[in-house]
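*Asks:* Chains as they are written, first to last, in our numbering: chain A, 18 to 280; chain B, 22 to 351.
Careful: at least some of the hints might be erroneous.
On the chain A side, residues computed to face chain B include the following (Cβ under 10 Å) [stated by the list, open to error]:
#: 1; residue: R19
#: 2; residue: V22
#: 3; residue: I24
#: 4; residue: I30
#: 5; residue: E31
#: 6; residue: N107
#: 7; residue: I108
#: 8; residue: A109
#: 9; residue: P115
#: 10; residue: Y116
#: 11; residue: C117
#: 12; residue: R273
#: 13; residue: L275
Computed footprint of chain A on chain B, listed as stretches where at least three residues anywhere in the stretch have a Cβ under 8 Å from a Cβ of chain A [said to hold, decoys possible]:
#: 14; stretch: 90-104
#: 15; stretch: 124-137
#: 16; stretch: 164-172
If you're looking for bench data, these hints aren't it; they were derived computationally from the structure.
Beta carbons: idealized from backbone N, C-alpha and C, even for Gly.
Here are the chains, one letter per residue:
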Amino acid sequence: MRKYVVIYRAVFIENLQYTANIVMGFIAYLILSVVFLNLWGYMYDAPGELIAGYTKEQMIWYVMITEMIWFGARSSTVREQVAADIRGGNIAYLINKPYCYPFYILAKYTGEWNIQLSMYAGLTAVVGCMMVGALPNFHWSTLAAVVPCIVLGMTIHAVFKICISMLSFWIEDAKPFQWLYDKLILVVGTIFPVEIFSAAVQPVLKLTPIYTVCYGPAKLIVDFSVEKYLEILLAQVLYLAFGSVILLWIYERGGRKLYVNGG
Amino acid sequence: MKVIEAEDLSKNFRVKRKEKGMRGSIRSIFHPETEEICAVDSVSFGVEEGEILAFIGPNGAGKSTTIKMLTGILYPDSGHVEVLGIDPVRKRRQLAYQIGTVFGQKEQLWTHLTPYDNFRFFGAIYDLDNDAAESRIAELAEIFELGAFINTPVRNLSLGQRIRCEIVASLIHRPKVLFLDEPTIGLDPVVKENIRVLIKQMNRELHTTIFLTSHDIGDIEKLCKRIVIVNAGQIVLDDSMEHLKYHYLNKKIVEVKLQEEALWPPMEGITILKKKGGNIKFEVDTAILKINDVLRGINAEHIQDINISNIPLENIIMEIYRTEGRADRL
Numbered sequence: 018m019r020k021y022v023v024i025y026r027a028v029f030i031e032n033l034q035y036t037a038n039i040v041m042g043f044i045a046y047l048i049l050s051v052v053f054l055n056l057w058g059y060m061y062d063a064p065g066e067l068i069a070g071y072t073k074e075q076m077i078w079y080v081m082i083t084e085m086i087w088f089g090a091r092s093s094t095v096r097e098q099v100a101a102d103i104r105g106g107n108i109a110y111l112i113n114k115p116y117c118y119p120f121y122i123l124a125k126y127t128g129e130w131n132i133q134l135s136m137y138a139g140l141t142a143v144v145g146c147m148m149v150g151a152l153p154n155f156h157w158s159t160l161a162a163v164v165p166c167i168v169l170g171m172t173i174h175a176v177f178k179i180c181i182s183m184l185s186f187w188i189e190d191a192k193p194f195q196w197l198y199d200k201l202i203l204v205v206g207t208i209f210p211v212e213i214f215s216a217a218v219q220p221v222l223k224l225t226p227i228y229t230v231c232y233g234p235a236k237l238i239v240d241f242s243v244e245k246y247l248e249i250l251l252a253q254v255l256y257l258a259f260g261s262v263i264l265l266w267i268y269e270r271g272g273r274k275l276y277v278n279g280g
Numbered sequence: 022m023k024v025i026e027a028e029d030l031s032k033n034f035r036v037k038r039k040e041k042g043m044r045g046s047i048r049s050i051f052h053p054e055t056e057e058i059c060a061v062d063s064v065s066f067g068v069e070e071g072e073i074l075a076f077i078g079p080n081g082a083g084k085s086t087t088i089k090m091l092t093g094i095l096y097p098d099s100g101h102v103e104v105l106g107i108d109p110v111r112k113r114r115q116l117a118y119q120i121g122t123v124f125g126q127k128e129q130l131w132t133h134l135t136p137y138d139n140f141r142f143f144g145a146i147y148d149l150d151n152d153a154a155e156s157r158i159a160e161l162a163e164i165f166e167l168g169a170f171i172n173t174p175v176r177n178l179s180l181g182q183r184i185r186c187e188i189v190a191s192l193i194h195r196p197k198v199l200f201l202d203e204p205t206i207g208l209d210p211v212v213k214e215n216i217r218v219l220i221k222q223m224n225r226e227l228h229t230t231i232f233l234t235s236h237d238i239g240d241i242e243k244l245c246k247r248i249v250i251v252n253a254g255q256i257v258l259d260d261s262m263e264h265l266k267y268h269y270l271n272k273k274i275v276e277v278k279l280q281e282e283a284l285w286p287p288m289e290g291i292t293i294l295k296k297k298g299g300n301i302k303f304e305v306d307t308a309i310l311k312i313n314d315v316l317r318g319i320n321a322e323h324i325q326d327i328n329i330s331n332i333p334l335e336n337i338i339m340e341i342y343r344t345e346g347r348a349d350r351l
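Between the sequences and the hints, there should be enough to build the whole structure, so can you do that?
*Replies:* Next comes the structure, spelled out in structure tokens:
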């Protein structure tokens with residue numbers, strides 16, 4: 018475990034040098050926030066009105082938190098580097114060390130998102146309070162309870178992204194699958210909460226990573242309940258276990274297919 | 022004691038084939054064609070503990086594929102391999118603690134970190150505790166003379182400094198076997214020589230077995246006592262450096278400066294390579310003609326200057342590359 022902490026630490030230090038790049042990404046976040054602030058402002062006719070069980074403030078905060086997770090989770094390591102390592106043969110120089118390559122990537126990714134998400138969290142708090150006002154019924158203890166859910170959600174997201182990237186062991190380009198996954202998370206989990214969709218679709222959505230990556234943590238922050246918290250936590254643990262098994266299976270099978278260019 | 026044992030090791034790759042142009046590209050979507058390439062074909066060899074072995078061959082000969090099978094990166098299609106008694110395929114991670122690898126064309130160091138931080142990083146990767154890592158870094162920093170730049174970020178180091186650090190990073194966990202894949206590529210002659218001295222010193226003082234691949238004849242000549250040449254996936258020569266150098270082609274190069282009027286006696290076993298006035302350069306096949314017979318054939322009074330040398334190792338190796346498949350002759 019210590020070695021993964023060391024990898025995490027090295028990446029964390031490296032990424033501290035790129036905080037200016039992260040700040041540049043704030044522009045896209047702010048544009049999206051303004052768009053959704055106006056959109057939901059238009060959708061809600063009267064103060065106190067509920068849509069899918071959310072007040073206007075809760076809905077906007079929900080979108081801003083899921084956006085925060087979406088932007089904080091962006092990573093070329095899990096999206097591109099793994100696929101590039103496999104296609105270009107660089108993986109050969111990474112897997113001959115005494116660590117498990119998927120966990121090496123996960124440690125790197127954690128070092129990246131820790132900085133990104135922290136910066137986006139700060140921005141979300143400031144922009145949210147300025148544009149929407151304080152979140153109704155929010156307690157700091159809620160945030161402390163939700164942090165493990167956010168960590169689990171980010172890890173689940175990475176596990177699935179790495180799984181998709183590792184399809185490069187068999188196919189030329191895994192990007193179309195990355196694109197589909199990203200859009201699914203963005204449209205279904207980020208922009209709209211699961212409750213917006215019809216009752217028939219909701220159980221299906223709860224079976225997808227969307228429920229555990231974006232929806233779960235955001236829902237808990239805007240409308241916390243112990244019952245929901247335990248439900249989401251359990252779903253995340255199960256999802257992470259399932260995703261990890263799939264990831265290691267793909268890696269094991271794919272490793273046998275490894276072709277290293279130039280040797 | 023053998024630290025590396027490979028027996029009938031083979032590896033095939035399936036490579037896509039596509040006709041040229043747009044038509045070929047479209048056709049390949051509906052009728053993908055692949056071809057099986059034999060990268061390594063029934064290779065068998067062993068490496069003794071403490072040996073420095075040169076494993077060489079032309080591009081595409083199967084050198085890197087063999088190294089990657091020995092280090093557990095690639096799965097062999099058939100055959101058996103053991104490194105330090107460990108099966109690299111089944112126990113890659115266990116083997117990783119016992120071996121080190123340096124790929125001259127690939128960076129393993131983190132460029133934003135200093136060499137010191139990198140060494141601490143690799144120390145942790147190899148489960149060294151802090152005290153053990155510190156003392157090892159101090160020991161290697163002294164051997165490899167890293168003191169002046171050990172705290173400079175790797176991205177600011179020269180290539181020679183970086184390669185030294187790469188080797189140190191690979192040695193941090195005291196590997197018993199070190200795989201060096203073109204460690205001196207791109208280095209100037211002075212730095213190359215320094216690296217060779219350090220490798221030799223490391224082998225002598227730390228008793229590390231070294232498995233070297235290089236296209237640089239100087240590396241091979243100055244470091245290795247044994248040479249294995251592969252071509253088209255097969256071993257075409259496995260011999261001692263001494264035997265290869267002095268007996269393989271049984272040829273010597275003689276450069277002689279004679280008086281203008283001197284007559285050149287025709288002799289069997291001599292091939293003239295260059296002749297300009299009294300300056301003659303020729304090759305002597307010592308299997309047919311002994312060097313002292315050559316000297317007896319030339320009137321000593323006519324000789325102004327003479328130089329006798331071995332065929333350059335480079336030429337011997339090129340000759341072996343050309344005579345692919347003639348292993349039975351060797």
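*Asks:* Could you work out which earlier hints the structure fails to respect and list their numbers in ascending sequence?
*Replies:* Violated hint: only 16; rest satisfied.
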